[in-house]
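We have chain D; now place chain R with the ligand onto it with these hints.
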Amino acid sequence: MKRFEKVTARVAVLDRADVDTDQIIPKQFLKRIERTGYGEFLFFDWAKDPGFELHRPQFAGARILLTGRNFGCGSSREHAAWALQDAGYDAVIAPSFGDIFRTNSLKIGLLPVALPAAEIRVLMEVANDGGEMTIDLEALELIAPDRPRIPFQLDAFERERLLGGLDDIALTLRRDPEITAYEAAHPARVATISL
Amino acid sequence: MRTSKTLFERIWESHLVAHPDGEPALLYVDLHLVHEVTSPQAFEGLRLASRRVRRPELTLATMDHNVPTTEGPVDDPLARQQLDALRDNCAAFGVPLFATGSGREGIVHVIGPELGLTQPGMTIVCGDSHTSTHGAFGALAFGIGTSEVEHVLATQTLPQSPPRTMRVVFEGDPPEGVSAKDLILAAIGEAGVAGGVGHVVEYAGRVIEQLSMENRMTICNMSIEWGARAGMVAPDDTTFAYLEGRAGAPRGRAWERALDEWRALPTDAGARFDQEVVVDVSALAPQVTWGTNPAMVAPLDGSVPDPADYDDPDQRAAVERALTYMGLDPGTPIGEISVDRVFIGSCTNSRIEDLRSAAAIIAGRRIHPRVRALVVPGSASVKRQAEEEGLDRIFAAAGFEWRRAGCSMCLGMNPDILQAGERCASTSNRNFEGRQGAGGRTHLVSPTVAAATALAGHFVHPQELEPVA
Ligand code: SF4
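Protein chains in written order, with the working numbering: chain D, 1 to 195; chain R, 1 to 469.
I should point out that these hints are in silico values taken from the structure, not numbers from a laboratory.
Please note that the accuracy of each hint is not assured.
[As the list claims (entries may be wrong)] Residues from chain D that keep clear of chain R, each with C-beta distances beyond 10 Å, as calculated:
#, residue
1, Arg3
2, Pro50
3, Asp99
4, Lys107
5, Thr134
[What the hints assert, rightly or not] Quick list of the computed label-pair ranges, beta carbon to beta carbon:
#, chain 1, residue 1, chain 2, residue 2, range
6, R, Asp76, D, Leu140, 44 to 50 Å
7, D, Asp129, R, Arg47, 45 to 51 Å
8, D, Glu132, R, Asp311, 33 to 39 Å
9, D, Leu140, R, Arg251, 53 to 59 Å
10, R, Val169, D, Leu154, 31 to 37 Å
11, D, Ser194, R, Ala49, 26 to 32 Å
12, R, Glu171, D, Ser194, 41 to 47 Å
13, R, Ala91, D, Lys2, 29 to 35 Å
14, D, Arg56, R, Gln210, 28 to 34 Å
15, D, Leu173, R, Ser282, 52 to 58 Å
Here a beta-carbon is modelled for each residue, glycine too, at the ideal position from N, C-alpha and C.
Isolated chain D (complex conformation) (with noise of 0.2 Å):
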């Protein structure tokens, strides 16, 4: 997993609700077998209107999104959250998020900052007019230009993994033994491969 280490950055600003991970990265580029290379068809259908929000000069080489709430929601596809660490993203801040892609981006060290609504429309602002904004993780601080430090909040485990770049799934594997209690207290209920 990559590690998340203090990001400054420009900020691009998406100022729409509820986008849905089929518009992040449409379904036609999820037939790839490859977990890179998801960048270039980030916003895929918005991006061919040259008027999109995202084509604007000051956003360019941006780091981090600003969105509206229930970012990501709808489909568990995980290229979404590739698709924009792939096209340079390292954070995405919004009111709220979608449940299953908010995991996704953790897995993979795409950092989902909540923060509320109206502290959105007040950065939304400060970003439109171009500029860079800090996140420290560390800290738990959203810093932008001329604004008191904005504290946000991230389950502390989750914080020390992205930190640390820590694999998840080695970190599971510490508990083998007590899956293996498990296992051994409780017969599998099915049996797919004598069907």
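Showing chain R with the ligand alone in chain D's frame:
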């Protein structure tokens, strides 16, 4: 100490492998369903780390998302590569596979239940957001991403933080012609697409108790459309009658033991939920979505809303954008919207009862000359049964195309897609922009409304069709 428990709490507690301080709970997974689209990178991850699949016998793979539904080979080289990858991965890691053409394949959420693998009290996961479908049996079932697929393959467990719980009680008798699809669309319309985020939802009340298993699956299927982590229904005699005798269900003594266990699962009378919602369905009409998410929905006898009626500027902007995309004018009566395509299928509405209810409406009639209509059974087994009952001939005689099983036009990863600007009445679960093809316009409806709409060429209540001559 609180002793009353919810169905969810019982399943959660009985699947806890470990819950170390300061870490998420580790939940055991009873059944892991796999398909071609969200698994290749997970198997690749296992390979790179020299890991194996811990419990292949608790894992089942099928091909559904990008398979063509016409006879013949897979023309699309990328789709073929992905199907081949699944075949190779399953062979290499010992995972059972119901491949296309085996006669056992189908949409992953249709085959789990029909095989009797989906059972009360289980934890079930799949790299697909509509895994919530399996909750209809009183299982805790939810969709996961590819990293989690890899995690489950390697460890048969998942780290999870505890969700909140919600109960949705449907009250009142739904009027004639109102289906399970209408109940859930109406509930989503009320709660909004984020109304369920972070929650496991139990659907309850007499309306739910009286529904068949297939209709309960339709309701649980769409839980994710209002953001819920999972949806579930308490197991009861309807559940047990559905399961008894199915290939994957326990038999003999084991069946009796299972029944005892399952009967003890339902939520206790005094148990508490973090949220309770009541939906009155006594005056409900069939529902039709007019926008670009499932909460943008109106009764069939209603009309397209006016953005000016929304006070919240964000909502107004979203409605405006949706109407532009959908090519609809505010105030247009839903019944006056005409369609080009009709799709009956998807894990929401492609089971045998769905096909029967649609066939009952079109029997002896012809679809509107402008309309191109498609029926895609949810599984090879549903297809066989429908053919035994002669439903395929009813559909064909009416002008529907009768296809092989798969996800098909639900997401248009295969060649079944809408052209830009085409308008479709669809029994699927998502009307997102471009979901059924770039520029395509999707209206979600029940199977009976889809069938009636195919005949009339515009949205219509089945009861308003001219009688068959
Ligand atoms: S039918 Fe549609 S919603 Fe269901 S699994 Fe297939 S693509 Fe997903």
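Hint check results:
no. : hint                            : verdict
1   : Arg3                            : holds (15 Å)
2   : Pro50                           : holds (17 Å)
3   : Asp99                           : violated (5 Å)
4   : Lys107                          : violated (4 Å)
5   : Thr134                          : holds (27 Å)
6   : R:Asp76 / D:Leu140: 44 to 50 Å  : holds (46 Å)
7   : D:Asp129 / R:Arg47: 45 to 51 Å  : holds (47 Å)
8   : D:Glu132 / R:Asp311: 33 to 39 Å : holds (35 Å)
9   : D:Leu140 / R:Arg251: 53 to 59 Å : holds (54 Å)
10  : R:Val169 / D:Leu154: 31 to 37 Å : holds (35 Å)
11  : D:Ser194 / R:Ala49: 26 to 32 Å  : holds (29 Å)
12  : R:Glu171 / D:Ser194: 41 to 47 Å : holds (43 Å)
13  : R:Ala91 / D:Lys2: 29 to 35 Å    : holds (31 Å)
14  : D:Arg56 / R:Gln210: 28 to 34 Å  : violated (54 Å)
15  : D:Leu173 / R:Ser282: 52 to 58 Å : holds (53 Å)
Going down the numbered hints, you'll see the structure goes against 3, 4 and 14, while the others check out.
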